[in-house]
Amino acid sequence: MIQRFLPLIVTMAVLVVGFLLCAAQFPNFASLRVVGNLLTDNAFVGIAAAGMTFVILSGGIDLSVGAVIGFTTVLLAVLIEQAGIHPMVAFALALIVGAGFGAAMGAVIHWFQMPPFIVTLAGMFIARGVSFVLTTDSLPINHPLYSDLNEVAWRFSGGGRLSLPAMLLLGVFALSMLLAHWTRFGANIYALGGNRHSAELMGVPVARTTVGVYALSGLLAGLAGIVFSLYTGAGYSLAATGVELDTITAVVIGGTQLTGGYGLVLGTFGGVLIQGLIQTYITFDGTMSSWWTKIAIGVLLFVFILLQKGLLAVWSDRDGDPAEA
Amino acid sequence: MSMTWLKSAVAATAVVALFAGVAPAQAADGKLVVGFSQIGSESGWRAAETKTAKAEADKRGIDLKISDAQQKQENQIKAVRSFVAQGVDAIFIAPVVATGWDSVLKEAKEAKIPVVLLDRQIDTKDNSLYMTAVTSDTVHEGRVAGEWLAKKTSGKCAVVELQGTVGSSPAINRKKGFDEIVAKNPGMKIVRTQSGDFTRAKGKEVMESFIKAENGGKGICAVYAHNDDMAVGAIQAIKEAGLKPGSDILVVSIDGVPDIFKAMAEGTANATVELTPNMAGPAYDALIAYKKTGTLPAKWIQTESALFTPETAKAEYERRKDAY
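Protein chains in written order, with numbering that gives the first Met the number 0: chain A, 0 to 324; chain B, 0 to 323.
No wet-lab data here; the hints were simulated from the structure.
Mixed in with the good hints, there may be bad ones.
Unchecked claim - If we take Cβ atoms under 10 Å as the criterion, some of the chain B residues that face chain A in the derived model are:
{"id": "1", "residue": "V32"}
{"id": "2", "residue": "G34"}
{"id": "3", "residue": "Q37"}
{"id": "4", "residue": "K64"}
{"id": "5", "residue": "S66"}
{"id": "6", "residue": "D67"}
{"id": "7", "residue": "A68"}
{"id": "8", "residue": "N74"}
{"id": "9", "residue": "K77"}
{"id": "10", "residue": "A78"}
{"id": "11", "residue": "R80"}
{"id": "12", "residue": "A97"}
{"id": "13", "residue": "D101"}
{"id": "14", "residue": "K105"}
{"id": "15", "residue": "E106"}
The beta-carbon is built from N, C-alpha and C at its ideal position, and this holds for glycine as well.
Construct the complete structure from the given sequences, taking the supplied hints into account.
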């Protein structure tokens with residue numbers, strides 16, 4: 000049991016120790032406002048990262064999520080501002096488009112036996128390209144519902160708040176944990192990522208699971224796009240560039256193995272917050288180049304990959320079977 | 000198992016080291032703390048703006064916290080939220096895009112932290128979300144360049160124009176201001192105009208085609224470039240055509256980067272209108288006045304668009320080369 004949870008424990012320990020160190024240095028750090036900000040500011044990355052966790056657990060990768068987020072913001076701006084569609088309808092359309100786009104990529108990956116890397120890379124170019132065709136400017140969304148939704152928040156004393164994006168983030172992670180650990184679909188994903196061939200022999204519906212995983216990732220990228228458009232109140236074709244890499248980083252720091260099969264959804268949540276924490280620390284400090292964020296995350300990523308490699312070696316030695324991965 | 004725990008210990012130590020590596024103290028009591036969300040460091044001018052903001056803060060005893068957004072709005076929003084959480088005395092933003100600032104600025108307003116926009120404006124219906132904006136008037140810059148040229152040539156000049164990136168607001172406005180002056184002087188005419196995309200290479204290329212089209216450059220009295228970089232490219236093209244930049248063809252441009260001062264000192268350029276990188280200075284002054292007496296500054300603080308000519312070029316170059 001401890002084997003399964005050890006990476007998660009390390010991730011959470013890093014998060015807690017990191018937070019305590021920040022709080023020790025900056026008196027205003029240990030406040031509900033900072034915690035609320037961490038959740039709100041990282042909501043779109045976190046929601047997309049939840050989807051990425053499933054993809055990576057299944058042994059795949061999805062490079063299109065950043066572009067799908069950007070595309071969703073543009074689509075929403077065009078639908079709401081230019082076509083005059085109600086935001087709620089536009090949200091539903093965006094989720095359908097996101098899920099459909101993901102499902103299509105999953106179908107290509109499965110039936111044409113293509114590497115997910117290439118298929119989703121193509122998906123990334125398509126999504127980003129289409130958003131540029133729709134508009135190259137940043138389109139403001141002025142619908143009153145947007146400002147209303149931005150006001151939705153559970154306020155704490157001291158100015159902290161649990162905003163709607165933060166609530167969505169928590170909700171998505173709660174549902175994702177249920178899906179991963181207590182459903183047949185979740186079990187199939189783990190089986191597929193562990194060993195595709197034996198999963199097939201065991202009767203796991205490989206086609207349905209593969210398509211489902213990418214559809215889920217696309218759906219969550221669409222939701223992340225909605226959150227992002229709420230966040231900036233605009234549709235912008237350059238929005239969320241590189242977010243796919245942030246989400247992959249969060250998944251790996253969260254203890255999920257890039258080769259698939261091992262990992263926990265909750266770990267990804269920790270991975271997202273660790274990245275946010277480092278960024279917040281550097282802003283609080285105010286004298287360091289913000290590029291230190293990238294360096295710190297790079298070092299962390301490296302450490303976690305080594306840690307996984309080490310854990311794997313230790314387990315396989317003990318179990319007596321050859322090291323995999 | 001011991002191996003595993005060793006590894007996790009190593010991991011944890013590395014992270015602790017990361018966080019503990021630098022430990023600057025919070026500002027001493029009584030010092031104003033300003034958080035500045037900068038777009039990035041994409042151009043020499045932008046880097047100079049950041050450097051000047053630091054220098055001007057030191058001059059006034061202000062503690063400046065800078066966050067580089069790496070060209071991403073989401074990073075700017077995060078930085079503003081962090082500044083609010085930190086309880087800074089004011090927030091400066093150089094917004095990367097005009098839209099999408101309302102909700103985060105509302106949080107700053109609720110926390111009673113004044114916000115100053117630097118160098119660019121934002122799109123918002125609620126002007127009370129920021130205290131003031133410090134920007135240059137790009138139409139005025141074009142006017143200043145045009146006025147200098149009209150005076151220098153007694154209102155008689157065939158001008159070729161190197162425009163900035165098509166559709167960008169500085170290109171539109173710098174053309175508009177210059178055109179106003181041309182319209183006032185019947186002897187002045189823009190004979191050719193084309194975009195050089197604000198770059199040196201494109202400026203040179205377009206200038207070459209202008210020279211060919213205008214009888215080897217004989218029909219051109221002056222070149223007006225929307226930025227210094229294109230002017231530097233144009234100077235190269237004029238030299239290569241066997242003409243003397245600065246006398247056969249006058250060169251006037253906008254921005255005031257070190258290279259154009261160097262060119263002026265060498266006599267190959269004639270005038271530049273400075274877009275000052277000191278946007279933070281006037282902002283600090285407005286902020287200090289507000290904190291002391293409670294007087295709100297005007298909604299728009301316009302920076303000076305000063306004209307520089309070869310007479311002072313050498314000294315100006317020396318003064319500037321370190322800021323960029």
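Structure-based check of each hint:
This hint holds: B/V32 has a C-beta 8 Å from the nearest C-beta of chain A, less than the 10 Å allowed. Given hint, B/G34 at the interface with chain A, holds; its Cβ is 7 Å from that chain's nearest Cβ, closer than 10 Å. Among the interface hints, the one on B/Q37 holds; its C-beta lies about 9 Å from the nearest C-beta in chain A, closer than the 10 Å criterion. Satisfaction of the interface hint for B/K64 is found here, the shortest Cβ-Cβ separation to chain A being roughly 2 Å, below the 10 Å cut-off.
Because the beta carbon of B/S66 sits about 5 Å from the nearest beta carbon in chain A, less than 10 Å, this interface hint is met. For B/D67, the interface hint holds, since its Cβ comes within 10 Å of a Cβ in chain A; the closest pair sits about 4 Å apart. For the restraint placing B/A68 at the interface with chain A, the shortest Cβ-Cβ distance is roughly 7 Å, inside the 10 Å limit, so the hint holds. Evaluation of the B/N74 hint against chain A yields a held restraint, the C-beta minimum of about 7 Å falling below 10 Å.
For B/K77, the interface hint holds, the least distance from its beta-carbon to any beta-carbon of chain A being 4 Å, beneath 10 Å. Contact between B/A78 and chain A, as hinted, is supported at the beta carbon level, the nearest pair being about 5 Å apart and thus within 10 Å. The beta carbon of B/R80 is positioned within 10 Å of a beta carbon in chain A (closest approach about 5 Å), and the interface hint is therefore held. About 7 Å separates the beta-carbon of B/A97 from the nearest beta-carbon of chain A, less than 10 Å, and the hint is met.
This hint holds: B/D101 has a C-beta 6 Å from the nearest C-beta of chain A, less than the 10 Å allowed. Proximity of B/K105 to chain A holds as hinted, the smallest CB-CB distance being about 8 Å (cut-off 10 Å). Residue-level restraint check for B/E106 holds (minimum Cβ-Cβ distance to chain A is 8 Å; threshold 10 Å).
Every hint from the earlier list agrees with this structure, and none is contradicted.
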